[in-house]
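*Asks:* Residues per chain, in single letters:
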Amino acid sequence: MDLAQDVFRYVEKMPGGNLILTTTDSLFNWAKANSLWYLLFGLKCCAIEMMAAGASRYDLDRLGLMFRASPRQTDLMIVAGTVTAKMAPRIRTLWEQMAEPRYVIAMGSCAITGGAFFYDSYAAIKGVDEVIPVDVYIPGCPPRPEALIEGILKLQEKIKKESLTKR
Amino acid sequence: MTEEKKISREELLATGENIKAQYNFLVFITAVDYPERNVIGMVYHLRSLGNRDTLIIKIDLPREKPEIASVAGIWPAAEWHEREVFDLFGVNFLGHPDLRRILLPPDWEGSPLRKDYTKPGVIKRPETIK
Ligand code: SF4
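Chains as they are written, first to last, in our numbering: chain A, 1 to 167; chain B, 1 to 130.
Everything labelled a hint here was simulated from the structure, so no lab data went into it.
Some hints could be false.
With a straight-line Cα cutoff of 20 Å, these simulated PhoX-like cross-link-like pairs (lysine-lysine) come out [stated by the list, open to error]:
1) A:154 - A:32
2) A:32 - A:160
3) B:58 - B:5
4) B:124 - A:126
5) A:86 - B:119
6) B:119 - A:126
7) A:32 - A:158
8) A:86 - A:126
9) B:6 - B:58
Bound-form chain A, shown alone (with noise of 0.2 Å):
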């Protein structure tokens, strides 16, 4: 659809009442759904789908999804992997490093729970959630692209419900 014309709908849905503030919540929230800019984040074999769902197959891209290597650049950080006692803290030095709004998704059982590594395990950490906060959990090991994509999807309408002024 065209740009402006998109825009334009959510306009439109508007109720009457607070029309600037919420226009521009849904105009900023469109935006942030839509340009949802990721940082290459493969720790361990999850990474190899989260490449297959940004490779032309499955195609990230037509999402607004764009990987970037730098924290400072991106707006999702997909923690793709065993989250280890040494990566921990690198972790969060990176996720304090991206710009907000930031959003965080934990895919496959390593990132949620320390899966696989959940039992006997001295290295894993149990969950990415013990180190930074997360929106969406994505299961699976690893979980298909298109579980991946559902969880973006997931995300992007949870980032739709945001307001400027609460998050």
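Chain A is fixed; fit chain B with the ligand onto it per the hints.
*Replies:* Chain B with the ligand in isolation, oriented as in the chain A frame:
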């Protein structure tokens, strides 16, 4: 052909000097913890690139004070492998050029691949889960 040799730790350097012309490729160095024998077993896998023979050298070290001469001067590839064994088993390599932790964070305590290693937060696998 694969050959296996068990030697004592004092013989390691002399053996290494003797065989390094033939076994010119160090595949890996690793260790095994045997708490029931109170032994840390060192394993050296060597390969001859000339005639494709493999030689496995095994050395038992006492568990309380595992110390052995470094072979980094004979096979330079040994340097990182010995750092790994130092990191995960706590074996001390005498004469190693740069003996630091290689995989774990520098402030890590203990040697996690020893069988009796415990760390708060490590969840034991229940018997019922295979
Ligand atoms: S969830 Fe499975 S595929 Fe993903 S990083 Fe963990 S072990 Fe690998």
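*Asks:* Taking the earlier hints as the rules, which of them does this structure contradict?
*Replies:* none
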